[in-house]
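**Student:** What follows is each chain in one-letter form.
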Amino acid sequence: MHLYRAHVLVCAGTNCSLKGHRAVRDALTREIVGRGLGDEIKVVETGCFGLCEQGPTIVVYPEGVLYCRVKAEDVPDLVGIHLLKGRRVDRLMYREPTRPVAVQTVPELDYFRKQVRVVLDNCGVIDPDSLEEYIGHGGYTALARALEDGPARVLAEVKASGLRGRGGAGFPAGLKWEFGAKAPGPIKYVVCNADEGEPGTFKDRLILEGDPHRILEGMAICGFATGARQGYVYIRGEYGLSISRLEHSIRNARELGLLGENIFNSGFSFDVEVRFGAGAYVCGEETALFESLEGKRGEPRIKPPYPTEVGLFGRPTVINNVETLANIPAIVNRGAAWYRSIGTDTCPGTKVFTLTGDIVNEGLIEVPMGMTLREVIYDIGGGIPGGRRFKMAQTGGTSGGCLPESLLDVPMDYDKLAAAGSALGSGALLVMDDTHCIVDVARVFARFFLHESCGQCAPCREGTLQLHHILDRFTAGRGSREDLALLGRLAKTMAGASLCPLGQSVPLSIMTTLKHFEPEYLAHIDDRACPAGTCRPPAGGMKPAAAGNGRRGY
Amino acid sequence: MSVTMVSLTIDGSPVQVPEKTTILEAALAHGMYVPHLCHHPDLKPAGICRVCMVEVEGQLLVSCRAAVAPGMQVKTSSPAVDKVRRAAVELLVADHDADCLACGKADSCKLLAVSRYVGIEPDRYETLRAHRLRKEVDETHPFIRRDYNKCVLCGICVRTCDEVQGVAAIDFAFRGYATRVAAIGDRPLQESVCESCGECVVRCPTGALLPIGFEKPAREVATVCPYCGTGCGLVLGTRGGKVVSARGERGHSTSQGRLCVKGRFGWDFVNHPDRLTTPLVRKDGELVESTWDEALELITERFARYRGRQAGVFGSPKTTNEEIYLASKFARVVMGTNNIAQVAHLCHANTVRGLIPVTGSGAMTVPVWQIKDAACHLVIGCNPTEAHPIVGLEIRQAVRRGTKLIIANPCEIDLCRLPHIRLPLRPGTDVALLMGMAKVILEEGLLDREFIAQRTTNFEAYAESLRGFTLEQAEAITGVSAELIRETARLYATTKPGLIFWSMGITQHSHGHDNVWALAHLALMTGNYGKPGAGIAPLRGHNNVQGATDLGITPPWYPGYQFCPGYELFPRLDKFKSSKEKFEKGWGYELPDFPGLSTVKQFHPKAKGWGPGEMWDLENQIKLWYIIGADLANAVADSKGVKRALQGAEFVVVQDIFLTDTAREADVVLPAACFAEKDGTFTATDRRVQLVRKAVEPPGQARPDWQIICEIGRRLGYRGFDFSSPAAVMDEIASLVPAYAGINHARLEQEELRWPVASPDHPGTPVLHMGEFIRVGKAEFWPLAYTPSPELPDADYPLVMTTGRNLHHFHHVITRRVAGLNDLCPEDYVELHAQDAAELGIGDGDQVTVSSRRASMVTRARVSERTMRGVVFKPIHFCEKPTNALTSAEHIDAVGTTPNTKVCPVRVEKVQSSA
Ligand SMILES: Cc1cc2nc3c(=O)[nH]c(=O)nc-3n(C[C@H](O)[C@H](O)[C@H](O)COP(=O)(O)O)c2cc1C
Ligand code: SF4
Ligand code: SF4
Ligand code: SF4
Ligand code: FES
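Protein chains in written order, with our numbering: chain A, 1 to 554; chain B, 1 to 915.
Chain B on its own, in the form it takes in the complex (with noise of 0.2 Å):
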């Protein structure tokens, strides 16, 4: 498309710029500043603040709003707009508090640009000030201090609000001189449907909006967001050795500035005072403070003596790439085993190995920037608004400008406030609802023919799978009505590129691996892979849980995806080849042969579904664990049984940044340092690898993973643990890792790079499996057929409980660190719908015990309409109501080794006042 270019002369002069450019863009761009206010490059023009004004030919116009037409000539500055300019900037000045020496803005402020390019007349001036009204600042909000005597009512926020977050949570409110920015009803900001990313407050261009008890940072450091997979880039700031600020960083192709409200008020817990600063030794029961050589002493001894059947290993997906590759390389050189595990397990392990056989990778097929790309969205089994902000925001954008939308969910989810189609299906029956939309696309002759004839085999295989399957056999199953099946069947088959978001809702089932291969299927039958904007977007929960499974720390590879001893248990990985002998040369040690455990059945070795019947049923083996970085006693299902089991081994080492519930049960603690304090690399859910940089110092004694894991290593005589830097490790990681060969620190310093990166010359992967699939070349349909959840409702435990994270937290230990996001989310609750609640007699805020068949729990009830009914949700954040011991590890899924947490029956009683 070729842009046409008008010429005009700005102050004499001649300028070019695309048509349509407004006069104002056009003189910013050629760096003539015209005053303004609610002008933002990121905003439509609103054209209220009217202190922009220009003269064109005698007559003023405001510039931020008039296009530049050819010939024109501007002039930014004359007698008229000079007079008429300083009278309405004055107007605004003298409405304006003007403590501007303690003004948490005053550098950035655009009112004193403003106002000092026209000057101001100070005795006018103070006529003018005589009858302002003071406001109330507003520091309800823990995040946003909110001060209207400095609002000039640009609307940037407002603006921002709706078009940069498409939350419109504020708007004017009031009229003439009353006029204010309010949330609806006037109300607090948390109390209305704000989700506190805080992009109001880095847009207001005055000192209205700050972030309560804003520092302003001596130095100034890009990083990586260390909360969820999306990868946001994080512009850390220091002084005197502390964490005070953060921002997002305009240039990052993901986020493009934008941070959620953790990424952008979580930071706090680098300072908080329960950080561990000392490693800890057991004695006489209690934990103490010890020094790292009597710790480390300990840790070497007992290691030594537990090795191969007899260890665990827990990598930690919130660590570097770096760390997590020197965690699976000690597992199985200095531990001699492949019980190497880590969280991954309780959630996308079905769709990493699940998909290895199918397309090749289970990874996201495109960059997060090309979710906009994609004709049609179908987000199944997550809620990205909460889950992954910045990915939320990019599917309400890409709705906003026409992408369809299909929600399939027993809740209704944020993204439900779009247009859409909903399917309200019953927890654990997505088989059956994606094998009907197959049908569809099958009887309708929807698809694509060509791909499935070149690049995938087995198809009719698929297809004689689905002949018996109805329509009214999904109906009966899902509860969603054929017809409507049928009508997002032809949606999502015609509207191409088609995008399929997932994430636990899929995976976190004992049959969790068949749901994701009947998306894949869906996606392959219709031609949705290798194209920019489509395919499949498996959401990463943790910021580095992409590399943890890039990494091996998994029982079946090494890092790279390459398999070692144990492989052939799982479901159609046996095609492969092991490549144990690789790793033996590569790190010059012979390697265990015998299979590792996953999470799961490290815990409760007797949990069904993976492996052959007699894995089904085994003893507990383990003795010694070393757990980097997990808070399992809380993250895995059946969480007493976890407890038990830690209490049961003979030496537990525990390496994190907090006593968390898993580190209470240690004998030893170890102090880490946390994601501002090292240096390193994360992946994120779409491959992207990325450079994390230190910013301060770790506090007390606390030493980067990898240099703990090292000094371990060393200290029991193993070669290959002493690496200068986190970049010599990625060297090494480049040299056995094909997926990550081209990549190291210097380049990642300037480059966008998605794996696989073949050499130092590869440009790097945005889009997957473009001509081929990788690794498999062909994609291989597999048969489908629907398996019930294990443990269904019954007339003692009637309603399903289904767990999951909301906005303001992330799991257990980090968030719940952050005062304010504990202020925005300070309790549990189980969210029921009103129906249900009222047919048990429960209002909204009622206590209420919720019990499955192994726990039981007293907490708050939300009435809501938001999930469907019979369906109950209980956040997983609180440890003081953990959700996990009400959940089951009875069963598992044969793939990925994940519980059934999304499908729990549980009963909800109110409680009765003894009152």
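Looking at chain A on its own, in the form it has when it is part of the complex (with noise of 0.2 Å):
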């Protein structure tokens, strides 16, 4: 193995991508061998850090300096000072919001230093497209491990850590593995779900492609444990990065023999095949999954029976997220104490959040469960841009709920943002602040809604309708109290009589803005006022913004 004397990783995520890392890259490449540096330094592609709102971003090693909105025309600075002087480009380096000084080094951001990296542990850090860097730093040691511990022991160590599914429901995933594990039949599957509709939402998508190996081990110990042969990763069709590197790395591992057939000569067999979903959100819904996979209408089941009895096909299946799977190599390579000695009692471990809206640092971050709303979006996510008030987070994503801001302090994990009438979700973390209009929030939830519902069951496809149509009454001024009451009882209906969660939790983000933010709703409604002031309705009812400090509408 070559040794460098220092590796310029670039960040190739979908963000990085789209502001243009590639011109970075090449810009880079051709300075150093213009250089005759070639031999020394070596440039790669990795996953992504998670600083997407300021990319495109590299970092520098060893020193682990970290420089940010770099341009082509950067590159011959940092080639000339940096790896030539060894002296750094202080106009590139990152200035974390709170404190004026621009910050040196990874490890010495805020950003980072409240961080704990299990999942993204090598996003960032290695190339993705290279299994010989995922091995070197530790991968697959966690599926020969689980291949000589055996099944139970494997599905014991799961299931003592406590670990719960991160697609959104936070069912533990030991016991799904169990229940797959025990269910008969020679045929099981195991599913990875990457489709990841959330709006707001890329966490797995850096994950996939930062550490795609992570997720392919994850499946295979997954499959191990639960006897399964198969496994699919359904992914949204638009990652084509992540699909890229996905089938780059299953066809590796596939060569190194650590999928395929009797993998380390145990006797086990595991391959993973990547299935592409058309996009609709309720595709990412496990059993509309499982239609979709099938080639047919992506439109859920009724469950029970749950896929562990009835899943892919007719048979057994586990189905996880990929964050979830992500957490597996670790899990079986230090154990569930280990584990468990992050996060909270109820819910151990870390939670990747994707950070958007008024936001200052937007993008991807990793902290123990239980970390308050307050600290992730004040010390980790830089605060409320420009100094204005923060008004409202939503967690959870668009089926999650809303949370003023007497609510900041409360504890990031399944149980405590349920208890506090939000949820968790898959860790979609939306920011707002005061210049947006509640109630016009809203009516964008109830669009989304009335966009996504598959339209099977009544109640929610005819109750995103209405819901959409009242709101939009409010907004345009043209709401009144018994629209209000309505409201109430379709939300109540769409909670209780839909079919699947998507229709059942259609409620819970729009009666949470109802809850929190009545006196705006009132305004729209009987004084026909938005106080935001971005309610302007083309021929409404609406009176001038009171006292309306409107910047954009949502």
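Think of the hints as simulated: they come from the structure by calculation, not from any bench.
Each residue gets a CB set at the ideal place from its N, CA and C atoms; glycine is no exception.
Misleading hints may appear alongside valid ones.
Stated by the list, open to error - Have a look at the derived ranges for each label pair, beta carbon to beta carbon:
#	chain 1	residue 1	chain 2	residue 2	range
1	B	58	A	305	17 to 25 Å
2	B	241	A	305	54 to 62 Å
3	B	911	A	447	52 to 60 Å
4	A	492	B	845	53 to 61 Å
5	A	69	B	58	54 to 62 Å
6	B	180	A	405	30 to 38 Å
7	B	180	A	526	36 to 44 Å
Unchecked claim - Footprint (simulated), chain B over chain A, 3 or more residues, beta carbon under 8 Å:
#	segment
8	293-302
9	456-469
10	480-493
11	496-503
Now that you have both chains on their own, put them together as the hints suggest.
**Tutor:** Spelled out as structure tokens, the structure:
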């Protein structure tokens, strides 16, 4: 193995590549080779560092210096000043909003200091296309160990770790695996849910892009523990980079015998196929996902039977989210006790969040379960930009609830957030400042569901339409108190009568906005006024904004 | 199997139901209504309307999906249930047209029932209605009206199409509020694989699906479908003396409420303005309206003049058993002739006559409802989905449940969409294929030796005939690989019970009886007889062609397969005895003692193949024809010759419901009543004898055939033609026909009877040949040999044309007078393989000329990959493109006297446009 003096890691995550990481990478390679440094310095494309807002980002090791918003024109300086002369290029360094001084290196960053990286351990560190690097960082040792330990011990370990599903529902992974293992029948499946249809969520994509083998290893361990020989990754069709990395990784793993027949001569065989989703949000729901994988229309099935009894192609199936599976190798390697030392009692481990909205550091973070909303938003997220006021945060994605300022100190785990009337969900965190009208925000939620309801069951199909129209009437200054009552009634009906969790959770986001911001609703209804000043209907009955400091509509 | 019962309470009252019953079913079974929309007893539960909620231990459960549990306490109504349910129903009602007063489903609408039950608050409902989007009403399909303003998206139609019909032509399309039921690509239904059976319409709980032009009947009459031999139960609705509706009869064991497109929507011919309403008499070369008296007088005079060998009589398998019996009696007694024939001589005569010496009977061995009990289906030379759709459905459902399916056919029939093994054999090579299969069964010891020993004779001779035959020969002749033949043989021989379906692809050959023998032998050597689900299923074409063969409108036998002079001219029948004396006694007249001519021979006396050599070159001897209900001018091979013969005759009477091409050649045309206008019985393909009931009066002066036949008989001075009713005719049948001995109309009102019914207290015979073979006791094997078809392709006529029916039509007369069926399939075509088409420069839809050695005509090309290369298919329905003008009547089968219509060499050329 060739030893290099320095490594330049270029983030090749989707967000950075949208911002043009390729030009930077090419310029770097040209410059380094041009100066005859090709043998000393290696340029590596890696997965996401998490600081998406600041991209394209690069990190120069061994020091770990972070450079942000790098352009191709900056490359001669980077090479000339940093790599040749050993000095830092100050103007490209990251400035933390809370501190005026430029931050030096990755480990020093507040943004990273408070994070604990289990799932994202390799992201931004290894070359995701290199199986050797994954192995070099301890990859596939967990699989080897599992094969040695036997399925029962693996199962016991995963159960003991208390790992809960990261796809949204937080169901204990160990228990699910146990159901899968106990289900009778010669054919079983493991499915990795990488559909990630939630707006503002991109954690699974970045995990897959940054560390694809971790998922394959997790799936293989799951297959071993439950008795499945075949795995599928169901991934959004738009995730081009994740798909190509995954497929590349599957090929490499097969070549090395880490997937396929008789892995490690253990007699255990397992293989993985990648299948593409068509982009409907509801196809992320596990049973709709199966339908879609089977080539049918992606409509949720009624549960029970649960997937571990009747899943894909009617066979017992364990389906886990990408992040859930990404935890597995670490748990197998380091043990349940270690895992339980992170996070809270009922929710051990870490959680990856996607920060979006009115927050300084939009991007991906991984923190121990139980960190408060305030810490996440202010200490890691860098607070609200432009010195504006926090209005509310929505946790758990569009189907999650909205939390006002008074609830900023709620610890973020499945149970505490549920108790606070919201949900942890998939880890989306949308922050809004006080320029947004809450009614309009609710209307946008409703529009999303109107669009995403699969249309199969009556309460959701018809209910989403009605919800959207009622909220539309409010923002147009045509709502009434009766409408408000109707809203509540519809919400109850949908929650109680819808077939799948999509329809059942539609009311949550909308009703939490009403719960925490009722006066703002009443202003729209009784006064025909929009306090945030964003509701400006064309021919509406809405009065001009009373106290609006409207910046933009939602 | 004992059923475990579960006890629970529903609204406080204790009930007991079998385990796994859903709460909804339990409630409905005990007369307790729980609102529901997407539940249908025929279908798997979907649980998507969400209105069937009940409360169990404080939890809301969707009752159509939740199974009962011991001790469960169900509340069908509670504050929690009522609240959620009412709101859910409101949402649905708000999105539904409210023109209930004008809606065709109003008296059976499930949504109306649900909303009446939960109660709707008008105010809120008005608010909710504000945002409805109007959707187009789709009336593009000739029979089915789709109004999505009334659709509650219960998915019953979607599941029906998949689960009942096995077609899956429709599915939910689009998402969310835009969700709609649509055919693939949101194209019109009729452009999809939809079979237009209307099963979805029947089950739709709302007015979203209705028959086009639906009229509510004033009265309903249960009868039998007049199209194919399946014998589905049909309930005709009438008002104002007209038929206005049809539906399936749910309690009917064969069809269980289902009907195909013809049965459900094809009744309109009854009311067609083209129906014959007065007798017509030819005057100065023209057929003009006349009176019964004038027509009958003319007939009486001429009929007395041309009796015996000079007379030919045709009975009709569209008519009732009673009428068929009378036609047979009339021919022999009144006309003094055995020249009594019918169109079955063009189809299953090989099966019927061929199997009497083998197994005693050529009839289907088991009821249609036992099709699903067979473990293996061999479907050869038939296309049940199109020609016998309800049988096709039974096969589909059986295969879904695990029955193995073998399909031998040169065309890729619809059943090929199911899992199957396909043997694409060259037309006319069935014997070689079946001998190959038999050889494998013999060599590999897959025989049922015990069955062969105990219940058959002459097996050695048969085995000997296979000795020199090899699988390699079979492959060379049929084009099917030896390996595939071997695999199929093993599958058939080891998967029991096995049932063999066949139809015209087997029989319409000049060696058709060899095919039939080969098939029966296959069943015999594997012991597939005399057991439920086992045996043979020769699918009979017409509604009552089974009755027509049973009751003797055929030269060699009187009613009941009882032989008359001439039967000894048929191979292997000579071992039976004549029944001439019995019938002379029964009918009270001396009966003719010369052999009669069957259909082809009457018109083509030089047709070769049947009887001793001197019979192959007869002179035209028939001077008078009395033709009841048969369009022979289109049905018989080499149809030009038929018209010539009719034109050359002295006197032709045609008795029919429309002025057919045959009737146009007649001297007198008599207007007959159709199935809906008279009482009687039909015998279905599975031997079930069923009552046909009069629903309306015949149009104008039209009369039932039985009355006409009797009237002529009486006018000619014969006794034995004065019956008060068809029931009385049946009593006479019972007195002379052993298989029908126990049948009378009163019993048929109560019972489901399949012949033989030996006596009034005999329960009928669902499974034939249990214990011993009827009539013969032991089945007799016979040596087999392959004979190639007589007319083979050559450089001038390089393609083989094979003929047949399609789903939307039935022969040439009736369905062409059902506007909707014509819309679905408006014109003739010739279907050819894409590669052949490409080589001939022919594109889909091109005008092409089809020529045989006898005729040539222009039609339209349909290019597909359904036929095999070198084979073209042409339907027989379009008299304007008469397919049988192309076919040959030169060679007929020695047993069935059927012509060789399934192997007709032709040339197909593109018509060069003169642009
Ligand atoms: C409407 C809807 C969308 C969902 N989308 C996703 C998704 O995109 N990714 C995911 O992992 N789980 C999604 N889920 C959750 C899955 O149904 C399922 O709970 C999850 O895949 C189980 O994995 P876990 O136990 O590892 O979380 C969705 C659920 C619903 C109701
Ligand atoms: S709740 Fe909504 S998304 Fe779920 S099945 Fe019903 S219509 Fe489809
Ligand atoms: S058309 Fe009728 S059966 Fe089909 S989904 Fe609509 S309401 Fe149900
Ligand atoms: S299958 Fe035959 S008998 Fe049944 S409805 Fe169709 S045509 Fe009539
Ligand atoms: S009848 Fe149960 S959900 Fe429709």
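**Student:** Identify every previously stated hint that the structure contradicts and give their numbers, smallest first.
**Tutor:** Structure breaks hint 6 only.
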